[in-house]
Amino acid sequence: MKREEIKKKSFDIIFCIYLLYNYNQIFRFFTNKTVVQIWLYDKPDMRIEGIILGFDEYMNMVLDQTKEISVKKNTKKELGKILLKGDTITLIMEVKNEET
35 MKREEIKKKS
45 FDIIFCIYLL
55 YNYNQIFRFF
65 TNKTVVQIWL
75 YDKPDMRIEG
85 IILGFDEYMN
95 MVLDQTKEIS
105 VKKNTKKELG
115 KILLKGDTIT
125 LIMEVKNEET
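Quick note on the working numbering: the sequence shown kicks off at 35 and runs consecutively.
If you're looking for bench data, these hints aren't it; they were derived computationally from the structure. For glycine and all other residues, C-beta sits at the position ideal for the given N, C-alpha and C. Take the hints with a grain of salt, since some may be wrong.
Taking lysine-lysine pairs in the DSS-like style, the calculated list, with each CA pair at most 25 Å apart, reads [stated by the list, open to error]:
hint	residue 1	residue 2
1	Lys-77	Lys-115
2	Lys-67	Lys-115
3	Lys-67	Lys-130
4	Lys-107	Lys-77
5	Lys-130	Lys-119
6	Lys-67	Lys-119
7	Lys-119	Lys-106
8	Lys-130	Lys-111
9	Lys-111	Lys-77
10	Lys-101	Lys-130
11	Lys-115	Lys-130
12	Lys-110	Lys-130
13	Lys-111	Lys-67
14	Lys-67	Lys-110
15	Lys-77	Lys-101
16	Lys-77	Lys-106
17	Lys-77	Lys-110
18	Lys-130	Lys-106
19	Lys-119	Lys-101
20	Lys-130	Lys-107
21	Lys-77	Lys-119
22	Lys-111	Lys-101
23	Lys-101	Lys-67
24	Lys-101	Lys-115
25	Lys-130	Lys-77
For each label pair, taking beta carbons as the anchor points, the in silico distance ranges come out as [unchecked claim]:
hint	residue 1	residue 2	range
26	Asn-56	Leu-117	14 to 22 Å
27	Lys-107	Tyr-57	32 to 40 Å
28	Thr-109	Asn-131	27 to 35 Å
29	Gly-88	Val-129	12 to 20 Å
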């Protein structure tokens, strides 16, 4: 096997592990009904918070109890249940309880 082929296979394996880790983390958020905050690709000053009701292989998500948070204006707007396209997502993280 040539060196380039080995590098390509190594990259493919690492990328698959990375994707698997991400899907496992999203699945944990989904099963535990964790409130998550999602950073949007096109709107860096906007965040979405909610509970994941479902997702697919493209990271499209159905979220419930959703709020749109404006970072600049420091405002929150209730959205309810929404469908968020996976290609708009930059980051997904757990929302820590502010009281603790």
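Hints versus structure:
no., hint, verdict
1, Lys-77 / Lys-115, "holds, 20 Å"
2, Lys-67 / Lys-115, "holds, 14 Å"
3, Lys-67 / Lys-130, "holds, 13 Å"
4, Lys-107 / Lys-77, "holds, 13 Å"
5, Lys-130 / Lys-119, "holds, 24 Å"
6, Lys-67 / Lys-119, "holds, 19 Å"
7, Lys-119 / Lys-106, "holds, 23 Å"
8, Lys-130 / Lys-111, "holds, 19 Å"
9, Lys-111 / Lys-77, "holds, 15 Å"
10, Lys-101 / Lys-130, "holds, 15 Å"
11, Lys-115 / Lys-130, "holds, 21 Å"
12, Lys-110 / Lys-130, "holds, 17 Å"
13, Lys-111 / Lys-67, "holds, 21 Å"
14, Lys-67 / Lys-110, "holds, 21 Å"
15, Lys-77 / Lys-101, "holds, 15 Å"
16, Lys-77 / Lys-106, "holds, 11 Å"
17, Lys-77 / Lys-110, "holds, 15 Å"
18, Lys-130 / Lys-106, "holds, 20 Å"
19, Lys-119 / Lys-101, "holds, 16 Å"
20, Lys-130 / Lys-107, "holds, 21 Å"
21, Lys-77 / Lys-119, "holds, 14 Å"
22, Lys-111 / Lys-101, "holds, 5 Å"
23, Lys-101 / Lys-67, "holds, 15 Å"
24, Lys-101 / Lys-115, "holds, 9 Å"
25, Lys-130 / Lys-77, "holds, 22 Å"
26, Asn-56 / Leu-117: 14 to 22 Å, "holds, 19 Å"
27, Lys-107 / Tyr-57: 32 to 40 Å, "holds, 33 Å"
28, Thr-109 / Asn-131: 27 to 35 Å, "violated, 21 Å"
29, Gly-88 / Val-129: 12 to 20 Å, "holds, 19 Å"
In summary, the one numbered hint that this structure violates is 28.
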